[in-house]
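Number of protein chains: 2
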Amino acid sequence: MSFTVSERSTLFFHKPPSVATFASVVGKKEGEGPYGKSFDRVESDAYFGQKTWESAESTMFKEAVTTAIEKGSFRTSDISFLASGDLLNQCTATGYAARRLNIPFLGLYGACSTMAESLFIAALLVSGGAKRALAATSSHFCSSERQFRFPLEYGSQRPPTSQWTVTGAGAVILESEGKGPYITCATAGKVIDAGVCDANNMGCAMAPAFCDTVVRHLSASKSKPTDYDLIISGDLGYTGKRVASDLLKQEYHINIDAVYSDCGCMIFDPKKQDVHSGGSGCGCSASMLAGYILPQMKKGHLNRVLFVATGALMSPTMSCQGESIPSIAHAIEFNNCV
Amino acid sequence: MSFTVSERSTLFFHKPPSVATFASVVGKKEGEGPYGKSFDRVESDAYFGQKTWESAESTMFKEAVTTAIEKGSFRTSDISFLASGDLLNQCTATGYAARRLNIPFLGLYGACSTMAESLFIAALLVSGGAKRALAATSSHFCSSERQFRFPLEYGSQRPPTSQWTVTGAGAVILESEGKGPYITCATAGKVIDAGVCDANNMGCAMAPAFCDTVVRHLSASKSKPTDYDLIISGDLGYTGKRVASDLLKQEYHINIDAVYSDCGCMIFDPKKQDVHSGGSGCGCSASMLAGYILPQMKKGHLNRVLFVATGALMSPTMSCQGESIPSIAHAIEFNNCV
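Heads up: the protein sequence lines correspond to chains A and B, in order. If you count the first sequence from 1, position 302 lands on 404 in the numbering used here, and the numbers rise without skipping. If you count the second sequence from 1, position 286 lands on 388 in the numbering used here, and the numbers rise without skipping.
No wet-lab data here; the hints were simulated from the structure. Any given hint could turn out to be false.
Same chains, same names: a pair is fine if it fits in one copy or spans any two.
To be verified - In silico DSBU-like cross-links for lysine-lysine, where the CA-CA straight-line distance does not exceed 35 Å:
#, residue 1, residue 2
1, Lys117, Lys324
2, Lys131, Lys373
3, Lys117, Lys281
4, Lys233, Lys351
Computed from a predicted model, the values in this text were never measured in an experiment.
Isolated chain A, as found in the complex (with noise of 0.2 Å):
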């Protein structure tokens, strides 16, 4: 037994795994926004030196990858698995980038909710005997745009509910013995579909799902939203981000505005970077997380977060269909104590 089990889906480590590096790699855009600094990698390139959008995100992903192994002074031969995904049909970049890492692969799909649940199943190898476990994943402007919406040179309108994909990549090594922060508790989240069926407001679409998973770690860790330093989503954007707050009020009776951010919301700069309601994609909650969240639990300036990645499990081809858009929301407790 490695863990404790409450409510169905909140583990509690018995031996909290500890983070051991971080790295996060972003695009020019990203690298302009309030975070610029922050990122281990800004790359003004948006091809990285390929051919192809895809073959520049899995590049991206496999940077990001490689700088949290060289900060740590690993070499690859020390991670015992990598647990990954990514929001490219068939998970291309992440796939196509592990075909040069050799390490033993854990192939993931939850969308932007990617970040959390690789963490929670690497969490789960750390904390059951693995020595290191590496969690990551990417996204990328470009990819996305055309793979879920329009070619780039269609040059087309978006609506105000929309969100701009990051071009970003996060990685965070976990191991079994280490300073921390650490990896207390962790919900999986269940897929839910509120109706929505608007593939340009997806933060509407993903909001339920955040609350849902949000309600149940409370519980199950038996917190209040006060007790966090920070609580903050994945990628649900202004309007996302708003929908939530009022849904977890009025269905719950639970008020995180104190301690709530969100990563879609904090990427770009609204006023200078137009990117209507915010950034969105794997690569959003995960550079936030490795550039942002975790240097500053490392500093102390953080104690006790509650990530929690937030994706949208819909296909274009579900879309066309006219179905609803279900989602998802993992969430990880990260603590400096354990």
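Chain B: place on chain A using the hints.
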């Protein structure tokens, strides 16, 4: 600690999870094959009562899951976690089914290796402290053909090395207490790319990943092939099975032929059902596991089985860009004795 890790990727579970129940649902063609009577349900309507192939697959997946739950007289609330994925873009067959299940969900992408990957994650969860976890996956000939190849209406010619995507789903419930068969150990695959670019010869592309995983598993478990009653690959098909057998002999000096079978070679009758190089798809190994292997183990006809599901991680986009096909294989060892 719930397991010991050997050679960086093989988990030996301290308290091996037990197989509680399992279920398989397949299409008409699979029902007409040599194992047609072994499956829990054969559905003659390729649409499974739905309007689209994607919804058909999702419905079939859900039916396999609910049948496994019913066969154990469980309620969905008895299942702590669902670990699953499928071949569709953004894994919508499983994601859309999960929204009606109310079970904490971990989405996976391992292409046709998904049945083994989902068992790997479910075994991690159950060995670590969860009471029960459900591993499942699906594939559908029609949803796969139009996504990966051509619209069915084209009636395109298929080369001799091509395989036929199985319309089928399999679900397995693991629990912490039970009479077995048990999952005693499991090996996570590495992503291997042998440089094969022909998306109509996936057996050949996947064979090196199968060999790598089998060799590592045998080494970690200090076993020889004949210690097993059966070593079975997921869907290498006739071409890939021959390549795998030869490669093991030539590169690793290991001969597994006496105990080696492949789900893709078994599920269809090569004389009466012309599927060229055999069956493929996540549902191939999943339905053969739940429809044939596990029932044979329950009866005591098989006692120690190495189930190695294989996956090709390419996408049509990457193939069009001239990329080769990375592959992966995860191994799950089932044993009637602990």
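Each hint tested on the structure:
| no. | hint | in the structure |
| --- | --- | --- |
| 1 | Lys117 with Lys324 | both (19 Å within a copy, 29 Å between copies) |
| 2 | Lys131 with Lys373 | within (14 Å within a copy, 59 Å between copies) |
| 3 | Lys117 with Lys281 | both (13 Å within a copy, 29 Å between copies) |
| 4 | Lys233 with Lys351 | between (41 Å within a copy, 33 Å between copies) |
In summary, the structure agrees with every hint in the numbered list given earlier.
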